[in-house]
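*Asks:* Okay, here's what each chain looks like letter by letter:
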Amino acid sequence: MIAPRHGLLLVTPLALTLIGFFLIPVLLLLPTSFREYAPGQGFTPGVWTLENYIRIVTDGFYLEVIARTLLLGLLVTLACLLLGYPLAYLIARGPARWRTALILAVTFPMLLNLVVRSFGWIALLTSRGLVNNLLVQLGLISAPLKLMYNLTGLMIGLTHIYLPFMVFMLVAAIRNVPREVEAAAATLGSSRLHVFTAVTLPLSAPGVLSGSILVFVLTISALVTPRMLGGPTYKVMATVIYDEYMQLLDWASGSALSFTLAAMAIGVIWASSRLTKRWAGMT
Amino acid sequence: MRARDHDGAPRPLTVAVALTVIVFLQIPVLVVVLAAFSETSYLTLPPQGLTLNWFAKVLSDPTYLSAIRMSLILAVSSTAISLVIGVAASYALFRKAVPGAEAIVAALMSPLALPAVVIGVALLQYYSLTGLRGSLAGLVMAHVVITSPYVVRSAFASLAGVDVATEEAARVLGATGLEAFRLVTLPLIAPGMAAGALFSFITSFDNVPVTIFLINAQQTTLPVLIFSSVEMGVDPGVAAVSTLLILATGLGLLAAERLVGFHRFV
Numbered sequence: 028m029i030a031p032r033h034g035l036l037l038v039t040p041l042a043l044t045l046i047g048f049f050l051i052p053v054l055l056l057l058p059t060s061f062r063e064y065a066p067g068q069g070f071t072p073g074v075w076t077l078e079n080y081i082r083i084v085t086d087g088f089y090l091e092v093i094a095r096t097l098l099l100g101l102l103v104t105l106a107c108l109l110l111g112y113p114l115a116y117l118i119a120r121g122p123a124r125w126r127t128a129l130i131l132a133v134t135f136p137m138l139l140n141l142v143v144r145s146f147g148w149i150a151l152l153t154s155r156g157l158v159n160n161l162l163v164q165l166g167l168i169s170a171p172l173k174l175m176y177n178l179t180g181l182m183i184g185l186t187h188i189y190l191p192f193m194v195f196m197l198v199a200a201i202r203n204v205p206r207e208v209e210a211a212a213a214t215l216g217s218s219r220l221h222v223f224t225a226v227t228l229p230l231s232a233p234g235v236l237s238g239s240i241l242v243f244v245l246t247i248s249a250l251v252t253p254r255m256l257g258g259p260t261y262k263v264m265a266t267v268i269y270d271e272y273m274q275l276l277d278w279a280s281g282s283a284l285s286f287t288l289a290a291m292a293i294g295v296i297w298a299s300s301r302l303t304k305r306w307a308g309m310t
Numbered sequence: 706m707r708a709r710d711h712d713g714a715p716r717p718l719t720v721a722v723a724l725t726v727i728v729f730l731q732i733p734v735l736v737v738v739l740a741a742f743s744e745t746s747y748l749t750l751p752p753q754g755l756t757l758n759w760f761a762k763v764l765s766d767p768t769y770l771s772a773i774r775m776s777l778i779l780a781v782s783s784t785a786i787s788l789v790i791g792v793a794a795s796y797a798l799f800r801k802a803v804p805g806a807e808a809i810v811a812a813l814m815s816p817l818a819l820p821a822v823v824i825g826v827a828l829l830q831y832y833s834l835t836g837l838r839g840s841l842a843g844l845v846m847a848h849v850v851i852t853s854p855y856v857v858r859s860a861f862a863s864l865a866g867v868d869v870a871t872e873e874a875a876r877v878l879g880a881t882g883l884e885a886f887r888l889v890t891l892p893l894i895a896p897g898m899a900a901g902a903l904f905s906f907i908t909s910f911d912n913v914p915v916t917i918f919l920i921n922a923q924q925t926t927l928p929v930l931i932f933s934s935v936e937m938g939v940d941p942g943v944a945a946v947s948t949l950l951i952l953a954t955g956l957g958l959l960a961a962e963r964l965v966g967f968h969r970f971v
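If you're matching them up, the sequences are chains A and B in order. Quick note: the first sequence, position 174, residue 201 per our numbering, numbers continuous. Quick note: the second sequence, position 29, residue 734 per our numbering, numbers continuous.
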């Protein structure tokens, strides 16, 4: 047993660190988002406004960036599911002697520096990159395809970055599916496909959901890969925040967009935990 | 007959797709490594000629060397701080020595829920107000914020594998609370905490979205340096330093696998 007095003493350093260097800084961002910013002059003294938020929901530029960010989140999540499920299935159900090698092959790119991985994709996807050179040499295309600075490039890069997270969530989920239920369905005459769609997939649904939420939230929050593969022109929410803080110096708009992005991420996490609880209640 | 052949084992098509995905995961890594050994100043496949020049160039470039040093200092110090305060807090919370332990744990995890870029801009403003902007201390504390949730998570996973009775036995035999923790519990959670420390180190070493808002012009970190060099254009020097990182990551992963059987944590 630890005395409550000692318990408090043990928790305090970490708690104070997070209050001082996380909670207070984030809360202090809130008043900034209601300030009025004039280029070259900074905040207008004494003026508080909703303008920064109104612009986010009415201005065509912001709406396009938000729509693009959400679309990217959906597409990357879907791609990670489609590519990740077979691999997770092989890890969970395949030959035991392959397992360690497969897990290491998925872990390695996951641990590798994000900037390095994005750099690799730049080398592959630029107009004179390896993919285009190869396709031209093979005579499949005459002019280079545009694989970067657009949705295609961001999708490929982000799918590669977040796929390992999805795979590990799915491995855990598939392992939890009882084999006996599958065998029973098969005994009762179900085809392999039907066993999969009627038993395996629904029983691994909670893992599919939590993997999807994780990948979606990471994708809409991503800054580095979208910046490197999207360049300064093809923007998502995180890169707009970066520009507003570092280039335009419009911290008011930047913090309003930061709260919008944070609200979207937290909203998705909250909604999914509600859904998971409801599912748990049903069974 | 169908019933008998259903063993849930993956079919050849599934295996083929899965192995293709494994290849997809390694492709950018291979490309970077090959580019680093190429004689040309632009990237081609197959690489034209073979040279170690780019490595020599990078390893004699003071900008890269100081960035590597900065990244190591940051990762080591923030991981050390996270480990000490993270394990202390987790120990008390896991044993429910504090009222409202569950709510506190959820709060300690909250830096993971917020987009990193938001933490970055929040600290940028805060450090500008408090004069910590551009300071090493400010940067270290920012990294403690982003690494501590991983330390807490692995501490909880490790503590779950410890039988409270072993520690109680030590207490009965006359050990103080601190002695019992140091001599009994700590050795038991050490392998799990090593994995947690490795993950914390990598999280700190890799970080761009928080760090980029807080560094000053003199002390950049390696990933931020690569990030900004790529904006100027792709050159094999970047590939060479990236290859060094790939090598370090690979060795780290193999060491972790040897030490604690990393794959069991998945």
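Calculated from the structure, these hints are not laboratory results. Certain hints may be false.
[What the hints assert, rightly or not] Label-pair restraints from in silico Cβ distances:
hint: 1; chain 1: A; residue 1: LEU276; chain 2: B; residue 2: LYS801; range: 17 to 27 angstroms
hint: 2; chain 1: B; residue 1: THR881; chain 2: A; residue 2: ILE46; range: 28 to 38 angstroms
hint: 3; chain 1: A; residue 1: GLY258; chain 2: B; residue 2: ALA811; range: 30 to 40 angstroms
hint: 4; chain 1: B; residue 1: THR871; chain 2: A; residue 2: PHE70; range: 32 to 42 angstroms
hint: 5; chain 1: B; residue 1: GLU807; chain 2: A; residue 2: PRO40; range: 11 to 21 angstroms
hint: 6; chain 1: B; residue 1: GLY879; chain 2: A; residue 2: ARG32; range: 20 to 30 angstroms
hint: 7; chain 1: A; residue 1: PRO40; chain 2: B; residue 2: LEU834; range: 40 to 50 angstroms
hint: 8; chain 1: A; residue 1: LEU230; chain 2: B; residue 2: VAL869; range: 31 to 41 angstroms
We put the CB at the ideal spot given by N, CA and C, even for glycine.
*Asks:* A separate judgement is required for each hint: does it hold in the structure or not?
*Replies:* Verification of the hints:
Take A:LEU276 and B:LYS801: their Cβ atoms lie about 48 angstroms apart, and the range 17 to 27 angstroms is violated. Between B:THR881 and A:ILE46 the C-beta distance comes to about 30 angstroms, which sits within the given range of 28 to 38 angstroms. Against the hinted window of 30 to 40 angstroms, the Cβ-Cβ separation of A:GLY258 and B:ALA811 comes to about 38 angstroms, which satisfies the hint. Checked against the hint of 32 to 42 angstroms, the C-beta distance between B:THR871 and A:PHE70 comes to roughly 59 angstroms, which is inconsistent with it.
Against the hinted window of 11 to 21 angstroms, the Cβ-Cβ separation of B:GLU807 and A:PRO40 comes to about 20 angstroms, which satisfies the hint. A C-beta distance of roughly 21 angstroms is found between B:GLY879 and A:ARG32, which places it inside the suggested range of 20 to 30 angstroms. At about 23 angstroms, the beta-carbon gap between A:PRO40 and B:LEU834 misses the expected band of 40 to 50 angstroms. A C-beta distance of roughly 34 angstroms is found between A:LEU230 and B:VAL869, which places it inside the suggested range of 31 to 41 angstroms.
In this structure, the earlier hints numbered 1, 4 and 7 are contradicted, and the remaining ones agree with it.
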